[in-house]
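The sequence shown: position 73 = 55 (my numbering), numbered continuously.
If you are wondering where the hints come from, they were derived from the structure by calculation, not from laboratory data.
Using N, Cα and C, we set each Cβ at its ideal position, and we do this for glycine too.
Mixed in with the good hints there might be a few duds.
[As the list claims (entries may be wrong)] Each pair of labels, with its calculated beta carbon distance range: (1) Asp70 x Glu30: 38 to 48 angstroms; (2) Ile56 x Thr0: 28 to 38 angstroms; (3) Ala(-10) x Asp57: 14 to 24 angstroms; (4) Arg(-14) x Leu45: 47 to 57 angstroms; (5) Thr37 x Asp63: 17 to 27 angstroms; (6) Arg69 x Asn11: 38 to 48 angstroms.
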Amino acid sequence: MGRRRAKATKVVKKKQPTMQTEFKCPFCNYEKCVAAKMDYDKETGTLECRVCAATYTATINYLSEPVDVFSEWIDQCEAEDEERAKRDAARDRGGDVEEDAPAPKRTRIDFADPAEDEAEVDPNDDPALHAGL
């Protein structure tokens, strides 16, 4: 006489959480209308609203996710709002204020060695001097 065989328990795998790729637009406030496109080859992340056509592009790296680009966009919008509020407050007080100066563009940081550039172009190394003229 043998025992009954124990019933095998099924292993339940937890579903991996996924990162959000559609967001709420900060300008028109529609839910899930901002789509993120990440181009890792060109190192750019682009957000575009399908309703109001607002766009934002940021420099990314291989660790960046769509939520990182969206948070940069929100941070930049908040910084511009603070700057605009300061200009309006200064205008109300009667101070000199620049009229709606454009926001500074983001510059890409290249980690090139300036010594290499100087080594390539040497003003003292003129081929005409070495030709024996």
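Taking the hints in turn, this is what the structure says about them:
no.	hint	verdict
1	Asp70 x Glu30: 38 to 48 angstroms	29 angstroms, violated
2	Ile56 x Thr0: 28 to 38 angstroms	20 angstroms, violated
3	Ala(-10) x Asp57: 14 to 24 angstroms	52 angstroms, violated
4	Arg(-14) x Leu45: 47 to 57 angstroms	53 angstroms, holds
5	Thr37 x Asp63: 17 to 27 angstroms	18 angstroms, holds
6	Arg69 x Asn11: 38 to 48 angstroms	25 angstroms, violated
Hints 1, 2, 3, 6, counting from the list given before, are not met by this structure.
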